[in-house]
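Given chain A, put chain B in place with the hints provided.
Respectively, the protein sequence lines represent chains A and B. Taking this note's numbering, the leading residue of the first sequence gets 5, the next gets one more, and so forth. Taking this note's numbering, the leading residue of the second sequence gets 45, the next gets one more, and so forth.
Be careful, since some hints might not be right.
Computed spacing ranges between beta-carbons, pair by pair [claimed, not checked]:
(1) A:Gly-21 / B:Leu-434: 41 to 47 Å
(2) B:Phe-236 / A:Arg-46: 27 to 33 Å
(3) A:Ser-167 / B:Phe-236: 51 to 57 Å
(4) A:Thr-249 / B:Phe-302: 45 to 51 Å
(5) B:Ile-136 / A:Phe-99: 55 to 61 Å
(6) B:Thr-209 / A:Pro-262: 50 to 56 Å
(7) B:Thr-83 / A:Asp-80: 40 to 46 Å
(8) B:Arg-303 / A:Gly-193: 42 to 48 Å
Please keep in mind that the hints were generated in silico from the structure rather than gathered at the bench. No experiment lies behind these values; they were computed from the predicted model shown. Glycine is no exception: its CB is placed at the ideal position from the N, C-alpha and C atoms.
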Amino acid sequence: MSVLVGKDTKVLVQGMGKTGRFHTDKAIAYGTTMIGAVHPSRAGETEIFEGETDHSGVPGREDQYKVELPIFRTVDEAVAATGANASVIYVPPPFAADAIMEAADAAMPLVVTITEGIPVADMVRAKRYLEGRSTRLVGPNCPGVITPQACKIGIMPGYIHRSGRIGVVSRSGTLTYEAVHQLTLNGLGQTTAIGIGGDPVNGTDFVDCLSLFNDDPATEGVLMIGEIGGSAEEEAAEWIEANMTKPVAGFIAGLTAPPGKRMGHAGAIISGGKGTADAKIAALQGAGVTIAETPTDMGAAMDQALGL
Amino acid sequence: MGGRASRRRRRGIMRIHEHQAKELFAERGIPVPLGRVATTVDEAVAAVRPLIEETGNPVVVVKSQIHAGGRGKGRFKEHPDLGGVNVVTDGIAGGIEAAEAGVAELAGRMLGSTLVTIQTGPEGKQVNRLYIEQGIDIDRELYVSVVLDRSTSRNIVMASVEGGTEIEEVAANTPEKIITEEVDPAFGLLPFQARSIAYELGLEGEAQNNGVRFLQALSAGAVDLDTDLVEINPLVVTTDGDVMALDGKVSFDANALFRHPAIAALRDATEEDPAELAAKDHGLSFIKLDGDIGCMVNGAGLAMATMDIIKIVGGEPANFLDVGGGADKDQIAAAFKIITADPNVKGIFVNIFGGIMRCDTIAEGIVAAVEEVGLAVPLVVRLEGTNVELGKQILDESGLDLVNADDMKDGAEKILELT
Numbered sequence: 005m006s007v008l009v010g011k012d013t014k015v016l017v018q019g020m021g022k023t024g025r026f027h028t029d030k031a032i033a034y035g036t037t038m039i040g041a042v043h044p045s046r047a048g049e050t051e052i053f054e055g056e057t058d059h060s061g062v063p064g065r066e067d068q069y070k071v072e073l074p075i076f077r078t079v080d081e082a083v084a085a086t087g088a089n090a091s092v093i094y095v096p097p098p099f100a101a102d103a104i105m106e107a108a109d110a111a112m113p114l115v116v117t118i119t120e121g122i123p124v125a126d127m128v129r130a131k132r133y134l135e136g137r138s139t140r141l142v143g144p145n146c147p148g149v150i151t152p153q154a155c156k157i158g159i160m161p162g163y164i165h166r167s168g169r170i171g172v173v174s175r176s177g178t179l180t181y182e183a184v185h186q187l188t189l190n191g192l193g194q195t196t197a198i199g200i201g202g203d204p205v206n207g208t209d210f211v212d213c214l215s216l217f218n219d220d221p222a223t224e225g226v227l228m229i230g231e232i233g234g235s236a237e238e239e240a241a242e243w244i245e246a247n248m249t250k251p252v253a254g255f256i257a258g259l260t261a262p263p264g265k266r267m268g269h270a271g272a273i274i275s276g277g278k279g280t281a282d283a284k285i286a287a288l289q290g291a292g293v294t295i296a297e298t299p300t301d302m303g304a305a306m307d308q309a310l311g312l
Numbered sequence: 045m046g047g048r049a050s051r052r053r054r055r056g057i058m059r060i061h062e063h064q065a066k067e068l069f070a071e072r073g074i075p076v077p078l079g080r081v082a083t084t085v086d087e088a089v090a091a092v093r094p095l096i097e098e099t100g101n102p103v104v105v106v107k108s109q110i111h112a113g114g115r116g117k118g119r120f121k122e123h124p125d126l127g128g129v130n131v132v133t134d135g136i137a138g139g140i141e142a143a144e145a146g147v148a149e150l151a152g153r154m155l156g157s158t159l160v161t162i163q164t165g166p167e168g169k170q171v172n173r174l175y176i177e178q179g180i181d182i183d184r185e186l187y188v189s190v191v192l193d194r195s196t197s198r199n200i201v202m203a204s205v206e207g208g209t210e211i212e213e214v215a216a217n218t219p220e221k222i223i224t225e226e227v228d229p230a231f232g233l234l235p236f237q238a239r240s241i242a243y244e245l246g247l248e249g250e251a252q253n254n255g256v257r258f259l260q261a262l263s264a265g266a267v268d269l270d271t272d273l274v275e276i277n278p279l280v281v282t283t284d285g286d287v288m289a290l291d292g293k294v295s296f297d298a299n300a301l302f303r304h305p306a307i308a309a310l311r312d313a314t315e316e317d318p319a320e321l322a323a324k325d326h327g328l329s330f331i332k333l334d335g336d337i338g339c340m341v342n343g344a345g346l347a348m349a350t351m352d353i354i355k356i357v358g359g360e361p362a363n364f365l366d367v368g369g370g371a372d373k374d375q376i377a378a379a380f381k382i383i384t385a386d387p388n389v390k391g392i393f394v395n396i397f398g399g400i401m402r403c404d405t406i407a408e409g410i411v412a413a414v415e416e417v418g419l420a421v422p423l424v425v426r427l428e429g430t431n432v433e434l435g436k437q438i439l440d441e442s443g444l445d446l447v448n449a450d451d452m453k454d455g456a457e458k459i460l461e462l463t
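So that you can see chain A by itself, here it is in the shape it has in the complex:
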């Protein structure tokens, strides 16, 4: 078992440019079921992928793969023709919010937006558009979602993951890789790893992911990785205190970040004395979360939270 994505996930790519093609190829090599693409200027064409299978992904496949993906004009047409139940967006920033809304209009159940640098005002509109619709948005500005050895949607390196017992949720990309790597090395593995993104306006948040993992029978514990800025970690702490039945370990980046400076992510900023790492750590510890003091201790903190 897992959350959000698994063996039955059929993925549509929105934006088959250079980046979209590169990561689609990696996803196919990993064994993800990619079923088509939307790219208005190239509708009617076929995109061909072939290469060597990445055996760290879905097991039991031949050493070589060859996949032909049809390209459609609209998400609607693509869904009608392929039965896609998830999409991944690599559309450039000026057009990415429109791509999210198009997918929502087509009632796409899951939309994972990788694109970095979408204007905040565009995301405010897109989130308003999602209200009352069935689509779940993950991202933007995130590495994606992966259920190891079943389905990889996004830009994370597949081979560092192992199918296992821990749900991972994170605002940061490379820090997720660090966490996943540690969980692979200490043998716990992952059920699903979700990057929720580093932007101030995003779709799925910590609470959504904690709730999904809490309800997933295969997930035995959750590792959450936050950072300075906003109040998403504090809201997660409140939810954990009230609802969480499984052990949670966490790490918060930005203990040494100076106020008023954006630490790379648009969302990572301490402003008006709010959003500090100290406040987030205190809130999470208050809710019983085991905090890793350094980023090298994330796997160990998870062990400790599980009582291992």
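For chain B alone, kept in the frame of chain A given last:
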């Protein structure tokens, strides 16, 4: 900006000067005092006569234009008795010539001097331009801002009767004095919401109508112009019932500048840190800090965590530097050069978890940079992830004098020992 750099990701925000913000306000029908910008004493003096003749008010104000708040209470390093904003009343008794003389004297002391405010840090900022503005007969000072509320993913219009004070102080001490209205992006700030704020601010009669128009124009402008923050402190009610932006602090979402070329052109590069500017031009995210251990990392979260772990083992990071997920060899070399150019840097810690970013690319960039600019300080490298073996091999074969680290903590401890 070259085509190559502008194609790369741009992040963060862009600030503008007060006088530029007021020009944008005026274009959108938001009332502001009349004023003129000056970069020399002569220009400052030349601004006085038309201002006084047009407004009939013999008082003018000379305001420092820097990208930092707290200018009124700030003081010049060279003139400890002089604030960043000065009212010239000489014109009341002495006429235009006296006002001109007063402005000349002030401008001569302010231009080229260094203003220290609570937001500039102790090093202060050099004042290179002034704004000469008409005097205003103020009845009340209020506060208004438009900012994103991250918990609802919507803008809020925030207002307070406590104008002229830092809003963070008001929020901490008297939160009941802060009025907020959430803006539905589908509808904008509705008239009843604007009226509600105006009532709460105690605006009456003509001032109330003016206030409602002001708030709606401001809220719409924030969306149309893709602002990160619009803050007017103080917003003043004049003795005539006019509602006017006496100050204007505006910053923009840098990711949206592609659709606002006129705003992008307002950028004043002299207000930005040269190293941060150089990094931005290479598509890198860099922030200078006070420590002595330079860091080069891929990914913002990992870069922050790297700073943290340096601090935890007892060191002080010299910078935040995220080379991003898709940096090429040239960008890596540029990043390395920016770090080594800082004279405070006594050691460098490279921490890479290659995903899309390949470790061999990082290694090639480091080798290229050292060949070009040399390496005078110790270097610790921690590589993990895609093509890690190839990356280590490139570094080994280059003959570079560096220390390999097993993980982040090991790397942080090793660089601390060496510096």
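Holds or violated: 55 to 61 Å for the Cβ distance of B:Ile-136 and A:Phe-99?
holds (58 Å)
Cβ distance range 45 to 51 Å for A:Thr-249 and B:Phe-302, holds or violated:
holds (47 Å)
With respect to the beta-carbon atoms only, verify the hint that B:Thr-209 and A:Pro-262 lie 50 to 56 Å apart.
violated (24 Å)
Could you see if the CB distance from B:Phe-236 to A:Arg-46 stays within 27 to 33 Å?
For A:Arg-46 against B:Phe-236, whose Cβ atoms are near 48 Å apart, the range 27 to 33 Å is violated.
Just tell me: holds or violated, for the beta carbon distance of A:Gly-21 and B:Leu-434 against 41 to 47 Å?
violated (27 Å)
51 to 57 Å as the expected CB spacing between B:Phe-236 and A:Ser-167, which holds or is violated:
With a Cβ separation near 55 Å, A:Ser-167 and B:Phe-236 satisfy 51 to 57 Å, so the hint holds.
Tell me if the beta carbons of B:Arg-303 and A:Gly-193 are separated by a distance inside 42 to 48 Å.
At 45 Å between Cβs, range holds.
Is the distance from the Cβ of B:Thr-83 to the Cβ of A:Asp-80 consistent with 40 to 46 Å?
violated (56 Å)
Violated hints, in rising order: 1, 2, 6, 7; the structure is consistent with all others.
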